[in-house]
Structure formats: C-alpha cells, structure tokens
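Participant: Here is what each chain is made of, one letter per residue.
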Amino acid sequence: MGRETRAMQDDDATNPAMFWVLEGEALFKNKEGSGKACLDCHSTLKGVAARYPAQDAKQGRLLNLEGRINACRTERMGAAAFPYESRELLSLTAYVALQSRGAPIEVRKSDVGEKFFHLRQGQLNLSCAQCHDERWGKKLAGTPIPQAHPTGYPLYRLEWQNLGSLQRRLRNCLTGMRAEAWPFGAPELVELERYLMWRARGMKMESPAVRP
Amino acid sequence: MSGRRAIVTVPKQAKRGEVIEIKTLAQHAMETGYRRTQEGVAIARDIIRTFVCTYNGAEVFRMELHPAIAANPLIAFSTVATESGTLEFKWSGDNGYTVTETAGITVV
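Going down the list, the protein sequences come from chains B and E. Each residue of the first sequence is one higher than the one before, starting from 1207 at the first, in this note's numbering. Each residue of the second sequence is one higher than the one before, starting from 47 at the first, in this note's numbering.
So here's chain B without its partners, still in its complex pose (with noise of 0.2 Å):
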C-alpha cells in the first residue's frame, strides 16, 4: 500500500469507506423484524471483528462477522437475511468492523483452512501460498504481491470502486487463478478466512480500510 492511499484511510475525512460506516450506524438502530435494533443488545462491540470468523456453538458452524450478522437478524431479530455484499450488509459489517480498530486479531487456526491455502487449484495450477508464501513482496502484474494479512475488511478498493468483503477479494484471486470460486458464503472461504486472519494474529485491525 502506497503512502497516499494509507493517507486516505487513515484520515476519517477521506476515507471513503466512511459512507457505509453512517449508513451502518443508521441500519444498526434500525427495529426490524419483531421488533428489536442491534442496538437494543449491543451497547458496544468494540473488538468483536478482530476474534471473527469464530465457532458458533448454536449454529454449530464455522461463523464470519457477515454470517454472525445474518445470524442475528435470523435468529433473534427474526428479521430476513441480508444476500452477500448487499449495501446493507457491508454497511453493517464495516460499522461493527470500526469498532475493532486498533485492536490485535485474535482468531484459532483453522486446519482446513490451511489446507486451501496450499492446495493447487485452476488451470494455472496454482495454491494461495506460491504468492503469498513464496513470493510475497515481488510483483504481479506491476503491484506488490502482499503477504496476504486480512487486516482492513471490509474495505474500500479504489479498483472496485466499492467497498468489498473479504470473499469478494478471495473470489478474485480464485478467478485470476482460473479456480472456479466457491460461491459467497461458502464453509470453503470461511475456512479460508479464518486461517488467513489467523496468520495475521497480533496484527492491528484497521477497518475499514483503503486498498488500491
């Protein structure tokens, strides 16, 4: 990341990203479905997305902050699901995410996860760890290969022109490895969320963030 885009996320004033913040905070004091606001239980939730994707012992599957979300609005709002990288649920998403700023990711490994990382897959032939283990730091296709640290999501691409979650992003690299991606909301990429925010333990979270 260059010196002007940290800049950009960096301050408040410029951070596009911010927009989903406000539309988030609004969705978040929004009554639905029988009745209750995220609000009404959630005073705070400050440092929640640096422990996410965690276990959900009710559900009994592997939950990322977007599938928690859901989760919620389900089962104890009793309001419908909101379809992934809807407006709504990254602004949801990028309005929880805040609140982790700063604090150090915290997640279990994920030995599935791991596994994904290392397998082969497309017509290129090609695992996530041949660039982002092997070759970190080189170039691909002019820009810097990063070690593959999932700190900033949901954040703002200035190639998307949008902000994006952390599947979109795996989607696409699955995509330039001619894979065929696994579809959003997939165990799969949860899996894959995990290990990769796992390998970012310690490391400061800073959504939403800016990317180029």
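FYI, nobody ran anything at the bench for these hints, they're computed from the structure. Keep in mind that a hint or two might mislead.
[As the list claims (entries may be wrong)] No more than 30 Å apart at the CA atoms, straight line, and that leaves these computed lysine-lysine pairs for DSBU-like:
(1) B/1235 <-> E/69
(2) B/1321 <-> B/1264
(3) E/136 <-> E/61
(4) B/1321 <-> B/1410
(5) B/1252 <-> B/1315
(6) E/136 <-> B/1235
(7) E/69 <-> B/1410
(8) E/58 <-> E/136
(9) B/1345 <-> B/1321
(10) B/1252 <-> B/1264
(11) B/1252 <-> B/1410
(12) E/69 <-> B/1252
Based on these hints, arrange chain E on the given structure of chain B.
Facilitator: Using the frame of chain B, we list chain E on its own:
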C-alpha cells in the same frame, strides 16, 4: 450506491488571513456512461457535474466534474480565512442529483 451523503471537513477555528484546507467527500457512483451490462445494454451516464463552495455567499471554489473521475470523489482545496461565518458546499449532477452541506468557521 444510491445514498446521498457528503462529508466535509473544515477547521472550526482559524486566524484571519490563514490559508485553510477543506476536504470534501461525496457519495456518488460516477457512472461514466461508457459501460455496458453483460447483455450489452449501455448504462446511462450518471455523474456529478459541478461542485461549488461559497464562503458567506461568495464563491471561493468551483469545479466541473467529468466521466473519468472516480466514484465517491474526494475534493480537497484551500481558501483564505477572512471572517467568521458559513461555508456552503453544493454538488449537482445528472438525474436531479443535488446535495448541500454547510460548515461553520470562527475566525479570530
């Protein structure tokens, strides 16, 4: 993005004659009009056309925007703090898009 939010940042207080930096961010998709859908149908242009900033009624900054400008345009500029009062920001564009924001400033 159909939201019509705008974020403006103006120093609350400034010395008379001081050059102040103003940052504005407007929520807009800035659809160029040159793109097509997957079915080949042209997507109509929908952009912000003009941005004007007035300081106590006097225009201090104006900008014309074009299709090549990115979504959610960030416009930063500077002006001289002359007197206490209000800065008004107005964005207007295609399909009746208008957003107005104001910010107060105290000049000491």
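Participant: Run every hint past the structure and note whether it holds.
Facilitator: Here is how each hint holds up against the structure:
1. B/1235 <-> E/69: holds (28 Å)
2. B/1321 <-> B/1264: Since the Cα atoms of residue 1321 of chain B and residue 1264 of chain B sit roughly 26 Å apart, the hinted pair holds (cutoff 30 Å).
3. E/136 <-> E/61: holds (25 Å)
4. B/1321 <-> B/1410: Holds, at roughly 25 Å.
5. B/1252 <-> B/1315: holds (22 Å)
6. E/136 <-> B/1235: holds (29 Å)
7. E/69 <-> B/1410: holds (27 Å)
8. E/58 <-> E/136: Cα-Cα ~19 Å, so holds.
9. B/1345 <-> B/1321: Measuring from Cα to Cα gives roughly 25 Å; hence the hint holds.
10. B/1252 <-> B/1264: Distance ~22 Å between residue 1252 of chain B and residue 1264 of chain B Cα, so the pair holds.
11. B/1252 <-> B/1410: holds (13 Å)
12. E/69 <-> B/1252: This hinted pair holds, its Cα atoms lying about 28 Å apart.
Every hint from the earlier list agrees with this structure, and none is contradicted.
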